[in-house]
Amino acid sequence: MTITSVTPRHGMTGTLVTITGTGFIADTTQESVSLGLIKATIIASNATQLVISIPSNKDSATLDSLPVLLVVQGALASGGYFTYDNVNVGANEVTTFAGNGASGSTDGTGTAASFNSPENGVFDNNGNLYVADYGNNEIRKVSPAGVVTTFAGSTKAGFKDGPALSALFNAPSALCFDNRQNLYVSDELNNRIRKIDASGNVTTIAGNGNTGYYYSPTNALSTPMARPIGIAYDSISGMLIVADSRNNVIRAIRLSDTSIFTIAGPIDGPTHPGSADETNGNATINGATFNSPRGIALYATGTSSNEYLYIYVADYSNNKIREIVSVGNFYNNLSNGPGGTGTTGNINTYTIAGNPGNSSGFINGNGASATFFGPNSLCQGYYSSVAGSTQVLFIGDASNHAVRYVTGAEANISGSGMDFETLAGTGIPGLTDGAYSKAQFKYPDGVAYNPADGNLYVIEFGNNDIRKILLH
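At position 163 of the sequence shown the residue is numbered 163 (this note's numbering), and the sequence of numbers has no breaks.
One thing to keep in mind: the hints can contain errors.
Each pair of labels, with its calculated beta carbon distance range [said to hold, decoys possible]:
1. 221 with 44: 54 to 62 Å
2. 279 with 179: 27 to 35 Å
3. 434 with 47: 20 to 28 Å
Simulated pairs of lysine to any residue, SDA-like, Cα-Cα distance not exceeding 20 Å [what the hints assert, rightly or not]:
4. 39 with 51
5. 141 with 103
6. 160 with 221
7. 39 with 56
8. 442 with 160
9. 160 with 101
None of these hints come from the bench; they were simulated from the model.
Everything numeric in this text was worked out from a predicted model, so none of it was measured.
Glycine included, C-beta positions come from ideal geometry on N, C-alpha and C.
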């Protein structure tokens, strides 16, 4: 028995929801559906589809997201989460999930916990949020119930591998998981990339601690870096993608042998910040330039021998969103192309949004007509109100104190037809919950989409907290 879809995933008491899958039966006396512990009414049923009526939830005013659980003749299947919409839903679209605005390092639940300039976050497969608590030099874990604990590191800055709570970091800035649930950390001021394995052991996989730049491929552990920030994992090639921010380049680390390559950026890296694209991917030297690239997100499809890889970059000081496209075998493109030592390789860099003059602004619009101010982070998720089943690229537009989004980013290398919109935030810094249009943020440096409940979480550097944006 499997559940393949639950539609819709939000609504009020009495909403009719269709559950599609396999292994169901027509006899409703032998099956049941519940939202958490609340039993729903089955309206109709056959072997592949159920229609239920959403039951009353006494806590609906808090916009609880509850798991959809189906039992058929004793067998259990989970269908993700359904979110109750409040009658006055606009007043509760943005809420404070953890932290209280004050700087600190206290573990606790919800607003009883405190952070110190948290920078970014990522969700595991169980709906736990891991936060790069930049000012505390720690990795914090936030459960689906908002319980905050310290997962790794200490408030003392330093560099030390070992068990997670004995390890030391220096301003961790971004996180990602691989497909084995190893957690990778951009340890910014240590100029290193760290790994926390499933057993909680911290090791270093890239960076020698020095600030510097080597263009030619080499071993990642002997390579200097310069304040690495954004990080993402490509499951098809088995590589980490890293924004080597002060070097103004995008790097790739092959986890199988810890070799490191430059994907995009000039051969002399830090001496030439700029905003040039590179649309001749067979060039010996990549002509693309960046200016303090930070957030990284990616979309990949295909196989290792024929991969279509789209890497999105928040080009912070250029106030732009960039896209790097690799077609074919990504490793071969790196080994033989602009990021490697040879003369071939199908890797190109494009600008998909932002003022051609790099000036900051806060304008929604199409491609180059949209403007940003210090975009710091990116993530992909779903926002059914505008995109149905299409992935959405969410943007932490930090210095505009807003969260932005665009649909249909994959393979749209020109930005044409891509409308960048504001999801929440007024452009004025503050700490105000409520409707999208009235909510206020203060340097929303990180955005993280939670597949478990279908909502977006914002890591606020300026408010020392985690906010939740209900996507309905």
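Right, here's what the structure says about each hint:
no., hint, result
1, 221 with 44: 54 to 62 Å, "holds (60 Å)"
2, 279 with 179: 27 to 35 Å, "holds (32 Å)"
3, 434 with 47: 20 to 28 Å, "violated (45 Å)"
4, 39 with 51, "holds (13 Å)"
5, 141 with 103, "holds (17 Å)"
6, 160 with 221, "holds (15 Å)"
7, 39 with 56, "holds (9 Å)"
8, 442 with 160, "violated (32 Å)"
9, 160 with 101, "violated (30 Å)"
Hints 3, 8 and 9 from the list above are not met by this structure, while the remaining hints are.
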